[in-house]
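*Asks:* These are the residues of each chain, in order.
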Amino acid sequence: KNQVEQSPQSLIILEGKNCTLQCNYTVSPFSNLRWYKQDTGRGPVSLTIMTFSENTKSNGRYTATLDADTKQSSLHITASQLSDSASYICVVTYLPSGGYNKLIFGAGTRLAVHP
Amino acid sequence: ETGVTQSPTHLIKTRGQQVTLRCSSQSGHNTVSWYQQALGQGPQFIFQYYREEENGRGNFPPRFSGLQFPNYSSELNVNALELDDSALYLCASSFMTVTEAFFGQGTRLTVV
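Chains as they are written, first to last, in the working numbering: chain A, 477 to 591; chain B, 1493 to 1604.
Derived by calculation from the structure, the hints in this document are not laboratory data. Some hints could be false.
Quick list of simulated restraints, FRET-style, between CB atoms [unchecked claim]:
| hint | chain 1 | residue 1 | chain 2 | residue 2 | range |
| --- | --- | --- | --- | --- | --- |
| 1 | A | Thr546 | B | Phe1561 | 37 to 45 Å |
| 2 | B | Thr1602 | A | Ser559 | 21 to 29 Å |
| 3 | B | Arg1507 | A | Gln548 | 36 to 44 Å |
| 4 | A | Lys493 | B | Gly1550 | 22 to 30 Å |
| 5 | B | Gln1509 | A | His590 | 13 to 21 Å |
| 6 | B | Glu1574 | A | Asn531 | 20 to 28 Å |
| 7 | B | Lys1505 | A | Thr496 | 25 to 33 Å |
| 8 | A | Asn494 | B | Phe1587 | 31 to 39 Å |
| 9 | B | Thr1501 | A | Ser522 | 37 to 45 Å |
| 10 | B | Glu1544 | A | Glu491 | 42 to 50 Å |
| 11 | B | Gln1509 | A | Thr546 | 45 to 53 Å |
| 12 | B | Glu1544 | A | Asp543 | 25 to 33 Å |
Computed far set for chain B versus chain A, every beta-carbon distance over 10 Å [unchecked claim]:
| hint | residue |
| --- | --- |
| 13 | Lys1505 |
| 14 | Arg1507 |
| 15 | Gly1508 |
| 16 | Thr1512 |
| 17 | Arg1514 |
| 18 | Ser1516 |
| 19 | Gln1518 |
| 20 | Ser1519 |
| 21 | His1521 |
| 22 | Phe1552 |
| 23 | Pro1554 |
| 24 | Ala1572 |
| 25 | Glu1574 |
| 26 | Thr1602 |
For glycine and all other residues, C-beta sits at the position ideal for the given N, C-alpha and C.
Chain A on its own, in the form it takes in the complex (with noise of 0.2 Å):
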């Protein structure tokens, strides 16, 4: 079954202080994996899109890693900001055979960072 599993489920931080999001997946065949943050009650707005060729990309104080062989990607948080609390879901797309691209998201990990 095509599935994609976040932790930790919740997490609180100290402003300026670092995190690690993980995501597990048992997509296949796998296209990319991207990762978007989600304000409460906002559509998701994406970070990072990697592809199976790519283990690492940054986008500001965010940096994604994938790992196609394990399955396993992450999501490191630089110097957090206040703003950076929201929920942060971790999306892979695959291609089965004669059908459409489809997205499997995540449950999200819901990140607050406290002053």
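Since the structure of chain A is already known, use the hints to place chain B on it.
*Replies:* This is chain B only, laid out in the frame that chain A set:
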């Protein structure tokens, strides 16, 4: 801003009623997909439209239906609303099915 607009932003309906949610896709995009997101959960795929035809559907009953118009905007219709239909409904647009998907801000539906 992603250029994807959803309306209305909030909606309250009574159980058994019908609702229509709307999505205007980003300019140049021809594919729209809809998702249901319950509180504290990740989005769940409802269906996808490509060039006015449904080309994929998730595990949702037939009372969830949709349309895509020639300008690639889209509607999600839900009949016989149930309390469990209360959620944030998101639409995402892309060019074909393989490019980056951009999400709207969502419609918060509450069924009472």
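*Asks:* Determine for every hint whether it applies to the structure shown.
*Replies:* Tested hints:
In this structure, Thr546(A) and Phe1561(B) meet the distance hint of 37 to 45 Å, their C-beta atoms being roughly 44 Å apart. The given range of 21 to 29 Å is respected by Thr1602(B) and Ser559(A), whose C-beta atoms sit roughly 28 Å from each other. Under the hint 36 to 44 Å, the C-beta atoms of Arg1507(B) and Gln548(A), about 42 Å apart, fit the expected range. For the pair Lys493(A) and Gly1550(B), the supplied restraint of 22 to 30 Å is violated, since their beta-carbon distance comes to about 38 Å.
Distance hint check: the CB atoms of Gln1509(B) and His590(A) are about 41 Å apart, inconsistent with the given range 13 to 21 Å. A C-beta distance of roughly 44 Å is found between Glu1574(B) and Asn531(A), which places it outside the suggested range of 20 to 28 Å. Checked against the hint of 25 to 33 Å, the C-beta distance between Lys1505(B) and Thr496(A) comes to roughly 41 Å, which is inconsistent with it. Between Asn494(A) and Phe1587(B) the Cβ separation comes to about 36 Å, which falls inside the hinted range of 31 to 39 Å.
Between Thr1501(B) and Ser522(A) the Cβ separation comes to about 21 Å, which falls outside the hinted range of 37 to 45 Å. Taken as a hint, the range 42 to 50 Å holds for the pair Glu1544(B) and Glu491(A), whose Cβ atoms sit roughly 48 Å apart. For Gln1509(B) and Thr546(A), the Cβ-Cβ distance of about 48 Å falls inside the hinted range of 45 to 53 Å, so the restraint holds. A C-beta distance of roughly 40 Å is found between Glu1544(B) and Asp543(A), which places it outside the suggested range of 25 to 33 Å.
Look at Lys1505(B): its CB is around 18 Å from the nearest CB on chain A, clear of 10 Å, so calling it non-interface holds up. Its beta-carbon lying about 23 Å from the closest one in chain A, Arg1507(B) satisfies the requirement of being farther than 10 Å from that chain. Its beta-carbon lying about 26 Å from the closest one in chain A, Gly1508(B) satisfies the requirement of being farther than 10 Å from that chain. Residue-level check passed: Thr1512(B) sits 19 Å from the nearest beta carbon of chain A, beyond 10 Å.
Residue placement check: Arg1514(B) keeps its beta carbon more than 10 Å from all beta carbons of chain A (closest about 14 Å). Even its closest Cβ contact with chain A, about 13 Å, leaves Ser1516(B) beyond 10 Å, as expected for a residue assigned away from the interface. The non-interface label for Gln1518(B) is consistent with chain A: the shortest C-beta to C-beta separation is roughly 12 Å, beyond 10 Å. Distance check on Ser1519(B): its Cβ is at least 17 Å (rounded) from any Cβ of chain A, clearing the 10 Å threshold; non-interface status holds.
Distance check for His1521(B) against chain A: the nearest CB is about 13 Å away, which clears 10 Å, and the non-interface claim stands. Chain A leaves Phe1552(B) outside its interface by the beta-carbon criterion, the shortest separation being 14 Å against a cut-off of 10 Å. With 10 Å as the threshold on Cβ separation, the claim that Pro1554(B) sits away from chain A holds: the shortest Cβ distance comes to roughly 20 Å. With a minimum CB-CB distance of about 26 Å to chain A, Ala1572(B) clears the 10 Å threshold, and the non-interface call stands.
Listed as outside the interface, Glu1574(B) is consistent with that label: its C-beta sits roughly 21 Å from the nearest C-beta of chain A, beyond the 10 Å cut-off. The claim that Thr1602(B) lies off the interface holds: its Cβ sits roughly 12 Å from the closest Cβ of chain A, which is beyond the 10 Å cut-off.
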